[in-house]
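Asks: Listed here are the chains, written in short residue letters.
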Amino acid sequence: MKLNVIIPFVSYLLIMLGIGMYAMRRIKTYDDFIIGGRSIGAWVSSFALITSYASGYTYTAAPGMSYTGGWSTMWWSTGDAPGNALSFGLLGRRLRKFSELLGAITLPEYYEKRFKSPGLRLLTSIIIITTVSLHLVAQWQASGILLSVTFGTDYLVGMLIGGAVVLAYTIMGGYLATVYTDFMQGVVMFIGTHILFWSAISKVGGFNALNDQLALINPGLVTPWGPDGSYFGLIAAASPIILIIMGSFGMPHVTVRHLSLKNPDTARKAMLITAIFVALFSFAYYMVGAAGLILLGPGLENPETSGVLLWFEVLPPVGAGILVSAAVAAIMSTADGFLMLIVSTIAHDILNRFLLPNTPQEKRIRIARVITAIIVILSLVAAINPPAGVFTIVMTVFGGMALAFGIPNIFSVYWKRSTKTGAIACVILSLTVYVWLTAAGIELFGMSPFMNGLIVAILAFIIGSLLTQKPGPEMEELFDIGTSYGPLPESFVKTSNVSEELKAEALRAEKLMTKNNVLKQSLNINALDEPIPTN
Amino acid sequence: MDKAASLFKEGGEKMEGSKLFWSSGTWIFFLVQALVVALAVYLYWYLGKKEKEACEEKKE
Chain F
1 MKLNVIIPFV SYLLIMLGIG MYAMRRIKTY DDFIIGGRSI GAWVSSFALI TSYASGYTYT
61 AAPGMSYTGG WSTMWWSTGD APGNALSFGL LGRRLRKFSE LLGAITLPEY YEKRFKSPGL
121 RLLTSIIIIT TVSLHLVAQW QASGILLSVT FGTDYLVGML IGGAVVLAYT IMGGYLATVY
181 TDFMQGVVMF IGTHILFWSA ISKVGGFNAL NDQLALINPG LVTPWGPDGS YFGLIAAASP
241 IILIIMGSFG MPHVTVRHLS LKNPDTARKA MLITAIFVAL FSFAYYMVGA AGLILLGPGL
301 ENPETSGVLL WFEVLPPVGA GILVSAAVAA IMSTADGFLM LIVSTIAHDI LNRFLLPNTP
361 QEKRIRIARV ITAIIVILSL VAAINPPAGV FTIVMTVFGG MALAFGIPNI FSVYWKRSTK
421 TGAIACVILS LTVYVWLTAA GIELFGMSPF MNGLIVAILA FIIGSLLTQK PGPEMEELFD
481 IGTSYGPLPE SFVKTSNVSE ELKAEALRAE KLMTKNNVLK QSLNINALDE PIPTN
Chain Y
1 MDKAASLFKE GGEKMEGSKL FWSSGTWIFF LVQALVVALA VYLYWYLGKK EKEACEEKKE
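First to last, the sequence lines map onto chains F and Y. According to this note's numbering, the first sequence holds residues 1 to 535 in order. According to this note's numbering, the second sequence holds residues 1 to 60 in order.
Derived from the structure by calculation, the hints contain no laboratory data. Virtual Cβ for every residue (Gly too), placed ideally from N, Cα, C. A portion of the hints provided could be inaccurate.
Said to hold, decoys possible - Subject to a maximum C-alpha distance of 25 angstroms in a straight line, what follows is the list of computed SDA-like cross-link-like pairs (lysine to any residue):
(1) F:262 - Y:55
(2) Y:59 - F:481
(3) F:116 - F:428
(4) F:116 - F:357
(5) F:416 - Y:27
(6) F:262 - F:470
(7) Y:52 - F:42
(8) Y:58 - F:477
(9) F:113 - F:469
(10) F:470 - F:393
(11) F:416 - Y:54
(12) F:416 - Y:48
(13) F:262 - Y:48
(14) Y:52 - F:469
(15) F:416 - Y:53
Claimed, not checked - Per label pair, the in silico range of CB-to-CB distance:
(16) Y:34 - F:356: 32 to 42 angstroms
(17) Y:34 - F:208: 14 to 24 angstroms
(18) Y:35 - F:194: 17 to 27 angstroms
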């Protein structure tokens, strides 16, 4: 039985490594390594965004929620499709255009250039590095738990397998490897989830039988309000939808997918693909836990294991092997997104911007690869004995990042009057208020800490912007071009779309020429350059 | 507290789950997913139209 499970899983891991090697051959420049040379098409971008968003949560917490909450869990699923799709259609299209106009290849760089604030770049970089590192630790932890439960291996071995494979393909192919593997991982997750869901529903006896049996346990499981009525009322029901949508607009490892789109119009196609696939996908991974409640029986010690236990209950060993691959795919695709985000932030936004400017391109790629290895090793070491309550911290941080980055992202491409003061106030105040209310367990005005944080974020951004001087005419012109339809004006692209490394190359060349001229003058050999008189 | 479940009873008796699914409006979750796809299709068409018009204007 074990071999039937192991073979599909090992095949999957080998395919991931093969993709890493393929991507490595396409890495020619530093931009290729960090952002895929802005060459990613609609299908790959769409699946990369979906899989980056769907983490180990997909096969653990999501089924666990419907195991205890039945159909009411669909409030969470309902936010997935509009969040992911509109993130492309409403935010991605403009973010891609603005980032090209500004010559930005990372989100902190975009914030610096859009709001003319190096301080904001530093602030957002520090927030990304600290919070996303915690997320990465949680992903290795999930990998360790999942593989140890499935194969009976040691937790440490399971964790190292996940970390080693992600490290190998990311260090080889950088951003390109992560999006190509994300695409493959998305296909595996989609197929695997549907095999499990429909097998479980079939074993229960169909949807009507599922509902009948759920109602016998508790009629509230079949209603949208949940067994204890916790989703009763507009705010209670809307909160999860808004949180999920804001996550799609704010989480930096998700929105960075917009910067790598082949062109702004690619976002339109990616939006359609995403809407269809997420609508068909998310209800299945959430609702599989409700089928688990019927097939496994109530009273599981840990409801989050319902999804994994169901694999072996309803599927043959090969199917379970595919599901293990799908679950590991969910973890790896999120982990590689987090990893690339930390690497690009440290390499591009801290080292190249503040500490080692004017570093040659090849050296930058080498530095980025070394940072990739260091981050993986450090996060794996942290995951051996993870900090207490790391999953709780990660879920808290998710809401905070959705607020701190989501609102500046949206306002920066939709409101001309946005200023750096508004953005900085939004980031600091929304994070502070949200973390404080969550830690203290306070629900002001009957709303969750996230909804309170959202109101603070919006008000801080608007008031902060209105109280300060409006952006100059140059930024207003850029805003008009960024929000218009059609291709970018050629003249603007030529002058603005010059990356920092090209500027650095130009600066070095200029310095060399100056040195050369000084040398010529000191040696008095200018006459050699002059044309020889013919008569 | 069985607050939500108590709202959905048929003549004082609890309904079958399959009937409760329809009468409590749980099916609306699927309608919303369909509407999101419809919205995405509309936006795809609308943004495409705007892009095309802008390209033609710039050519002229």
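Asks: Each of the hints needs a verdict: does it hold here or not?
Replies: Do the hints match the structure? See the list:
Restraint check for residue 262 (chain F) and residue 55 (chain Y): the C-alpha separation of about 18 angstroms stays at or below 25 angstroms, so the hint holds. Note on residue 59 (chain Y) and residue 481 (chain F): the hinted pairing holds, with a Cα-Cα distance of about 17 angstroms set against a maximum of 25 angstroms. Distance hint between residue 116 (chain F) and residue 428 (chain F) is fulfilled; the C-alpha atoms sit about 18 angstroms from each other, no more than 25 angstroms. Of the supplied pair hints, the one linking residue 116 (chain F) and residue 357 (chain F) holds, its CA atoms being roughly 18 angstroms apart against a limit of 25 angstroms.
As the CA atoms of residue 416 (chain F) and residue 27 (chain Y) are separated by approximately 41 angstroms, the hinted pair breaks the 25 angstroms bound. In summary, the hint linking residue 262 (chain F) to residue 470 (chain F) is not supported, as the alpha carbons are separated by about 32 angstroms, beyond the 25 angstroms threshold. Of the supplied pair hints, the one linking residue 52 (chain Y) and residue 42 (chain F) holds, its CA atoms being roughly 18 angstroms apart against a limit of 25 angstroms. For the given pair, residue 58 (chain Y) sits about 18 angstroms from residue 477 (chain F) by alpha-carbon distance, which is consistent with the 25 angstroms threshold.
For the given pair, residue 113 (chain F) sits about 17 angstroms from residue 469 (chain F) by alpha-carbon distance, which is consistent with the 25 angstroms threshold. Restraint check: the Cα-Cα separation between residue 470 (chain F) and residue 393 (chain F) comes to about 37 angstroms, which exceeds 25 angstroms; the hinted pair is violated. The straight-line distance between the Cα atoms of residue 416 (chain F) and residue 54 (chain Y) is roughly 21 angstroms, inside the 25 angstroms bound, and the hint therefore holds. Taken as a hint, the residue 416 (chain F) and residue 48 (chain Y) pair is honoured in the structure, with Cα atoms around 24 angstroms apart against an allowance of 25 angstroms.
Proposed proximity of residue 262 (chain F) and residue 48 (chain Y) is supported: the alpha carbons are some 16 angstroms apart, at most 25 angstroms. With a CA separation close to 36 angstroms, the supplied pair residue 52 (chain Y) and residue 469 (chain F) exceeds the 25 angstroms bound. Simply put, residue 416 (chain F) and residue 53 (chain Y) have alpha-carbon atoms about 24 angstroms apart, close enough for the 25 angstroms limit, and the pair holds. Distance hint check for residue 34 (chain Y) and residue 356 (chain F): the Cβ-Cβ separation is about 52 angstroms, which falls outside the suggested range of 32 to 42 angstroms.
Here the CB-CB span from residue 34 (chain Y) to residue 208 (chain F) is close to 20 angstroms, well matched to the stated 14 to 24 angstroms. Judged by the Cβ atoms, the range 17 to 27 angstroms given for residue 35 (chain Y) and residue 194 (chain F) holds: they are separated by roughly 22 angstroms.
Checked against the numbered hints above, the structure breaks hints 5, 6, 10, 14 and 16 and satisfies the rest.
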